[in-house]
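Student: Below are the chains, spelled out letter by letter.
2 protein chains.
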Amino acid sequence: MTKYEYILRQFSKTNKKNYENYVVTRIWHRLDSLDYKFVTQQYVLRANGKYALTDMYFPQCKIHIEVDESHHQFNVTNDKIRENDIVNITGHEIIRVDVTKGVEDINLQIEKIIEMIREKRVHMKDEFVAWEPNLEVSTATYIEKGYIDRKDNVAFKRESDAINCFGVNYKGWQRGGAKHPREEGVHIWFPKLYKNGLWDNSITDDEEIIYEKSMEDSKVDSHIDEIITYRDKKRIVFARVKDSLGEVMYRFMGEYHLNIYETKAQRRLVWERKKTRVRTYACNLPETT
Amino acid sequence: MTKYEYILRQFSKTNKKNYENYVVTRIWHRLDSLDYKFVTQQYVLRANGKYALTDMYFPQCKIHIEVDESHHQFNVTNDKIRENDIVNITGHEIIRVDVTKGVEDINLQIEKIIEMIREKRVHMKDEFVAWEPNLEVSTATYIEKGYIDRKDNVAFKRESDAINCFGVNYKGWQRGGAKHPREEGVHIWFPKLYKNGLWDNSITDDEEIIYEKSMEDSKVDSHIDEIITYRDKKRIVFARVKDSLGEVMYRFMGEYHLNIYETKAQRRLVWERKKTRVRTYACNLPETT
Chain A
463 MTKYEYILRQ
473 FSKTNKKNYE
483 NYVVTRIWHR
493 LDSLDYKFVT
503 QQYVLRANGK
513 YALTDMYFPQ
523 CKIHIEVDES
533 HHQFNVTNDK
543 IRENDIVNIT
553 GHEIIRVDVT
563 KGVEDINLQI
573 EKIIEMIREK
583 RVHMKDEFVA
593 WEPNLEVSTA
603 TYIEKGYIDR
613 KDNVAFKRES
623 DAINCFGVNY
633 KGWQRGGAKH
643 PREEGVHIWF
653 PKLYKNGLWD
663 NSITDDEEII
673 YEKSMEDSKV
683 DSHIDEIITY
693 RDKKRIVFAR
703 VKDSLGEVMY
713 RFMGEYHLNI
723 YETKAQRRLV
733 WERKKTRVRT
743 YACNLPETT
Chain B
463 MTKYEYILRQ
473 FSKTNKKNYE
483 NYVVTRIWHR
493 LDSLDYKFVT
503 QQYVLRANGK
513 YALTDMYFPQ
523 CKIHIEVDES
533 HHQFNVTNDK
543 IRENDIVNIT
553 GHEIIRVDVT
563 KGVEDINLQI
573 EKIIEMIREK
583 RVHMKDEFVA
593 WEPNLEVSTA
603 TYIEKGYIDR
613 KDNVAFKRES
623 DAINCFGVNY
633 KGWQRGGAKH
643 PREEGVHIWF
653 PKLYKNGLWD
663 NSITDDEEII
673 YEKSMEDSKV
683 DSHIDEIITY
693 RDKKRIVFAR
703 VKDSLGEVMY
713 RFMGEYHLNI
723 YETKAQRRLV
733 WERKKTRVRT
743 YACNLPETT
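These protein sequence lines map, in sequence, to chains A and B.
If you're matching positions, the first sequence starts at 463 in my numbering and goes up one per residue.
If you're matching positions, the second sequence starts at 463 in my numbering and goes up one per residue.
Heads up, some of the hints might be wrong.
You can't tell identical chains apart in this list, so a pair holds if it fits in one copy or across any two.
[Stated by the list, open to error] Here are the simulated lysine-lysine pairs, DSS-like style, with alpha carbons at most 25 Å apart:
no. : residue 1 : residue 2
1   : Lys465    : Lys563
2   : Lys479    : Lys499
3   : Lys736    : Lys587
4   : Lys563    : Lys499
5   : Lys607    : Lys574
6   : Lys524    : Lys641
7   : Lys607    : Lys512
8   : Lys726    : Lys563
9   : Lys657    : Lys607
10  : Lys475    : Lys695
11  : Lys704    : Lys478
12  : Lys613    : Lys563
13  : Lys641    : Lys465
14  : Lys633    : Lys475
15  : Lys613    : Lys726
No wet-lab data here; the hints were simulated from the structure.
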């Protein structure tokens, strides 16, 4: 997708929301730089543990814009929210635009926001990486970096992009998981972290614990037994979510270890986060399919 | 309606048209001046006599913007078009934006357009009147000017706004017509210039001739007789049309005189334009209802 197509699709999400469309298009056109990525209607997890949508989000600067017009009502279930890409808003900046005081006032507020965004970029120095649609999901970036960190909000377009961070070079891979190519006893996992088909999965709001359980009661115990007896007890987790345009992506959550005691006590698999940063590995092998 | 509400409503017309929405919002936000009025999806009459829509129209500068993405298809009848406000594009400037070459290229084209709009304003000097939503439909403006000219694209929100340009001060008036308060033998007429209910009206593309006829064949001759025998043979015409937001307005077309010979020959009233500018009159009387 080109930047242009991306921008048009983000704008189009504000179609029926006249105030948002005005604010979002104005910020974008006045900022006037293709170095900034933005997302409209970004799902966020607030510090109070509640979910919300922000109207415009600049991921590089971690700045959110909210159009103060009326409250965003949420009548969706947590599972529904979990299907979407969620950004943990802790440490992010939220700027509100009051759209009740006329166009001159709104325009003035927006000029200030643009100044803030530009200042933030200056402050970030080398940490600010210009928007590059192809680079941002690139495996090579994270191999070169030497690690993937939860703080960087890493998300890949394909399972293979994630797996290839760990020392292989698969072309295609779409199986829900894979053995870690380099680390013994570690599995790479691409779960849906909400109720889906066969699985009753969930994650706590602080992301520290993942629960996994079969939806079929007759299979719950055998599944638990199998994992405890035969399978890897460490999982590097990339949650399968939908980005703001509805495309599937795999968001890095961390490395989780099975708590066997709690698993037995609760009769569901209890995965606890032990690392928010994992090592990446270059591949010395030719491309494999 | 405030400028802000007006802008939002104009933007919202480009909702489902992503390219248009991008171009229109960008031109507006980059131009960054509330002195300019603009209209999206303006019906226009081209020099070749065909009707079209332009994507963005700056009435003060007579500049139209067309987003070159695919041809605007027209499957509407002339009558349907006639319900809408139509601007005669002759002498106007049309600027095309090629949206096929990527966002940098589009942005560059738009910067040039903005320069052109600003230059046009400089060229116009005092003729450029800053956008003033309340002023532009004001009777007082045209009384002070001393005339109404077709070239100025004058349109009023109410019949009374039009009638009051001729020496009275009515508060409300909604009767389709009125005697000219100051000029003997002249009628002020607010017709729909398309087939509607009782009347089969039309106007030629060059606006020079208006045809008027009853839809009921049994009444055609008696209506013609009545006009020829008893009524004013001169009419100042304000066509009833809908503006780009669907609101009714009355657009000044000129002064038309009845051609009795053609009327009899064609068995329909044939009104020929004799003036494109008419005199206005101040009112010396107190307000009348």
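Student: What are the numbers of the hints that this structure violates, sorted from low to high?
Tutor: 3, 5, 6, 7, 8, 9, 10, 12, 13, 14, 15
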